[in-house]
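Between the sequences and the hints, there should be enough to build the whole structure, so can you do that?
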Amino acid sequence: MAEVWTIAEASGGTLKEVSFELLARGRSLADELGVPLASVVLTDEIEEAELQRLASYGADIIYAERDPRLAPFTVASHAAFLTALVTRHAPQIILAAATTSGRTLLPYLAVKLGCGLTADCTALAIEEGTGNLLQIRPAIGGNIMATIKSPDHRPQMATIRPRSTPLPSPDHARRATIIPIAVTDDFHDPVQVLSLRPFGDQSSSIENAAIVVSGGKGLKKRDNFTLIEDLAAALGGAVGASRDAVDRGWASYPHQVGLSGKTISPELYVAVGISGAIQHLAGIKTAKTIVAINRDSEANILALADIAIIGDLFAIIPVLLRRLEERRTIE
Amino acid sequence: MHIIVPIKQVPQSSDVKMDPVTGTMIRSARSSVLNPLDLYALEAALHLKDEHGAQVTVVTMGPPSAVQILKEALSMGADRAVHLTDRLFGGGDTYATSYVLSRAIEKIGSFDLVITGERATDGDTAQVGPGIASWLDLALATYVSAIEEVADGHLIAERLIEEGYQRVRVSLPALLTVVKEIAIPRLPTLRGKKRAMGKEIETWDAEAIAADRTKIGLKGSPTRVVQIETPKVARSALIYHADGDEATVQACDHLLDFLQERNLLAEVHHG
Ligand SMILES: Cc1cc2nc3c(=O)[nH]c(=O)nc-3n(C[C@H](O)[C@H](O)[C@H](O)COP(=O)(O)OP(=O)(O)OC[C@H]3O[C@@H](n4cnc5c(N)ncnc54)[C@H](O)[C@@H]3O)c2cc1C
Ligand SMILES: Nc1ncnc2c1ncn2[C@@H]1O[C@H](COP(=O)(O)O)[C@@H](O)[C@H]1O
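Protein chains in written order, with the numbering used here: chain A, 42 to 372; chain B, 32 to 302.
No wet-lab data here; the hints were simulated from the structure.
Watch out, some of these pointers could steer you wrong.
What the hints assert, rightly or not - Calculated cross-link-like contacts (lysine-lysine; reagent style BS3-like; alpha-carbon spacing at most 30 Å):
1. A:K153 <-> B:K250
2. A:K153 <-> B:K138
3. B:K138 <-> B:K246
4. B:K102 <-> B:K246
5. A:K261 <-> A:K329
6. A:K153 <-> B:K246
7. B:K80 <-> B:K102
8. B:K224 <-> B:K80
9. B:K138 <-> B:K224
Claimed, not checked - Counterexamples of contact, computed for chain B against chain A with all Cβ distances above 12 Å:
10. L79
11. A97
12. D110
13. K225
14. R226
15. K230
16. E238
17. A239
Quick reminder that beta carbons are idealized off the backbone N, C-alpha and C, glycines included.
Here it is as structure tokens:
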């Protein structure tokens with residue numbers, strides 16, 4: 042019975058959370074199809090106990106390869122292992138995360154395997170009757186939802202947007218069979234990772250943050266941007282920015298949300314002094330809750346917001362911070 | 032050095048507005064533009080040309096109207112333009128598109144670098160760049176935010192990934208997909224426009240690139256779009272006006288209540 046696979050991501054011996062999100066997706070597909078769910082881990086070092094966490098989130102089988110050449114991620118080496126593994130086991134579905142690695146590896150692999158691939162899906166289903174995978178994704182800046190399938194090619198491949206899947210509670214009693222991959226071919230990766238310069242501040246990684254507080258041109262100048270940083274800190278979130286704010290140097294490019302920046306799906310998005318141009322909205326269409334603070338009651342952002350305060354942000358943010366603080370001290 | 036830049040024509044999004052009632056997109060004009068993210072790829076190539084001397088070839092697969100973006104690229108400073116156009120190419124997904132582009136790149140020949148945009152703003156897949164690299168077995172570095180050094184047979188680049196900036200050494204020939212941070216695109220100049228007018232745009236069809244008919248167009252595409260929906264955004268914002276001190280405090284409290292109800296104040300680590 043052709044398996045359903047997920048591609049796990051790990052770094053420094055620890056699995057990343059997206060690995061479990063993928064398993065949550067994969068589990069329901071595998072159950073519906075009545076086939077085993079396997080997770081593939083390609084990394085340098087990882088403990089057995091850590092690998093078994095994949096079982097607690099639903100994996101029946103774990104294909105694991107530990108090889109110093111596999112971390113940090115480079116595409117040619119990962120694709121070499123995976124091409125061999127796929128040829129050997131012929132899975133029917135492969136899911137990976139729509140991260141910088143997943144979005145590099147899967148299109149490269151899809152061409153090697155002669156298969157279709159759907160990018161950045163937010164929903165998946167099994168088509169009744171045919172058993173085909175229905176892959177649902179936003180396109181054109183989130184303005185349309187397209188359902189895509191690959192009826193005549195196997196495996197069917199998709200990348201899944203991180204944070205678009207709620208995590209089930211793990212079942213720590215579950216165990217999976219760990220199968221070493223052991224493809225011993227000698228290969229040379231033409232890309233070599235030399236070093237990593239981590240973001241200076243924690244607030245940079247907006248794609249993984251549950252809460253993102255963004256500021257736009259309404260902040261008026263760089264010094265005022267500390268209001269955004271303060272609000273982000275008070276809410277336990279990361280700092281985002283509109284393109285106008287980034288172009289003015291109030292925040293650096295990794296913070297930019299939108300069409301030419303990042304597409305994010307946080308639990309909470311707070312847009313302060315941001316008009317909500319279509320290119321900005323393209324990056325936040327799938328955020329769960331959107332808050333707008335804007336003095337313009339006609340601002341575009343209100344089309345997407347769940348709640349808005351209309352007024353001067355310079356008056357509102359300090360009060361908001363104070364009231365939040367007071368709430369916490371009372372508790 | 033010879034650099035090939037695949038560029039795409041996409042529908043314009045800049046003067047698109049949101050319909051406040053349905054939450055869907057209103058397109059004022061059905062005009063087409065050069066994919067804005069490809070401007071960064073083109074600029075990165077032109078910058079290398081300025082610094083090191085290079086030949087820059089742009090290539091697009093698209094309908095006859097796509098010559099427009101090739102002319103734009105020529106007037107910015109590209110040296111050569113190739114237009115891949117054939118009814119047989121129509122309806123291609125990223126697999127078929129990357130195949131056609133890879134055949135064309137092979138025919139253009141003797142290149143050191145292929146630079147693509149991170150993604151096209153219409154399809155929004157970011158799959159064509161890595162796909163081309165796979166067809167041609169090129170070294171691949173995605174999300175490149177800076178090219179630090181180009182030497183004989185390799186380059187050093189910086190990639191913007193989730194954890195920060197990663198430095199990589201990439202053997203040539205290679206394909207890079209680049210992000211906005213790499214460069215500030217130049218504007219076409221009048222002189223450039225004049226020069227571009229004198230340049231011929233080469234037009235190639237499926238036969239010219241000896242494309243395998245089973246790998247191109249809709250027929251050659253493994254994926255099928257079976258349904259398109261325009262989701263209505265059901266959100267209609269609760270609105271609070273912060274006029275005056277008291278109203279501001281009340282509005283803030285409403286907001287905090289709202290967040291608390293949705294459990295969004297729960298996880299806060301408070302220092
Ligand atoms: C190809 C292309 C790609 C693009 N990519 C992106 C992208 O990735 N991300 C992005 O964000 N944009 C992008 N843009 C730009 C986008 O079109 C807008 O220009 C930009 O988002 C506007 O930023 P803003 O909302 O900060 O500024 P503005 O549109 O100027 O909005 C400022 C807002 O602040 C409010 N305001 C002002 N003062 C106050 C105050 N005191 N209190 C409360 N509210 C106040 C105003 O009412 C207004 O709504 C792109 C554009 C193009 C053409
Ligand atoms: N039809 C095309 N012609 C030329 N280049 C293309 C075409 N489609 C995509 N590309 C290139 O591939 C990149 C990624 O596009 P996409 O995978 O469609 O998001 C774009 O930024 C272009 O550089």
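A quick look at each hint next to the structure:
1. At roughly 19 Å between alpha-carbon atoms, K153 (chain A) and K250 (chain B) fall within 30 Å of each other, so this suggested pair holds.
2. With a C-alpha separation of about 21 Å, the suggested pairing of K153 (chain A) with K138 (chain B) holds against the 30 Å cut-off.
3. With a C-alpha separation of about 17 Å, the suggested pairing of K138 (chain B) with K246 (chain B) holds against the 30 Å cut-off.
4. A threshold of 30 Å between alpha carbons decides the hint, and for K102 (chain B) with K246 (chain B) the separation of about 28 Å falls inside it, so the pair holds.
5. At most 30 Å may separate the alpha-carbon atoms for a hinted pair to count; K261 (chain A) and K329 (chain A) meet this at roughly 28 Å.
6. The suggested pairing of K153 (chain A) with K246 (chain B) holds, with an alpha-carbon distance near 13 Å, which does not exceed 30 Å.
7. About 18 Å separates the Cα atoms of K80 (chain B) and K102 (chain B), which keeps this hinted pair within 30 Å; it holds.
8. The straight-line distance between the Cα atoms of K224 (chain B) and K80 (chain B) is roughly 18 Å, inside the 30 Å bound, and the hint therefore holds.
9. Using a Cα cut-off of 30 Å, the hinted pair K138 (chain B) and K224 (chain B) holds, with the two alpha carbons roughly 27 Å apart.
10. Every Cβ of chain A is farther than 12 Å from the Cβ of L79 (chain B); the closest lies at roughly 19 Å, confirming the non-interface assignment.
11. For A97 (chain B), the shortest C-beta to C-beta distance to chain A comes to about 18 Å, beyond the 12 Å cut-off, and the non-interface label holds.
12. Listed as a non-interface residue, D110 (chain B) keeps its Cβ farther than 12 Å from every Cβ of chain A; the least gap is roughly 26 Å.
13. Chain A leaves K225 (chain B) outside its interface by the beta-carbon criterion, the shortest separation being 30 Å against a cut-off of 12 Å.
14. The beta carbon of R226 (chain B) is kept farther than 12 Å from every beta carbon of chain A, the shortest such distance being approximately 28 Å.
15. With a least CB separation of 29 Å from chain A, K230 (chain B) remains clear of the 12 Å interface cut-off, as annotated.
16. Every CB of chain A lies more than 12 Å from the CB of E238 (chain B), the least distance being 23 Å, so the non-interface label holds.
17. Taking the minimum C-beta to C-beta distance to chain A, about 22 Å, the non-interface status of A239 (chain B) holds against the 12 Å cut.
Checked against the numbered hints above, the structure breaks none of them.
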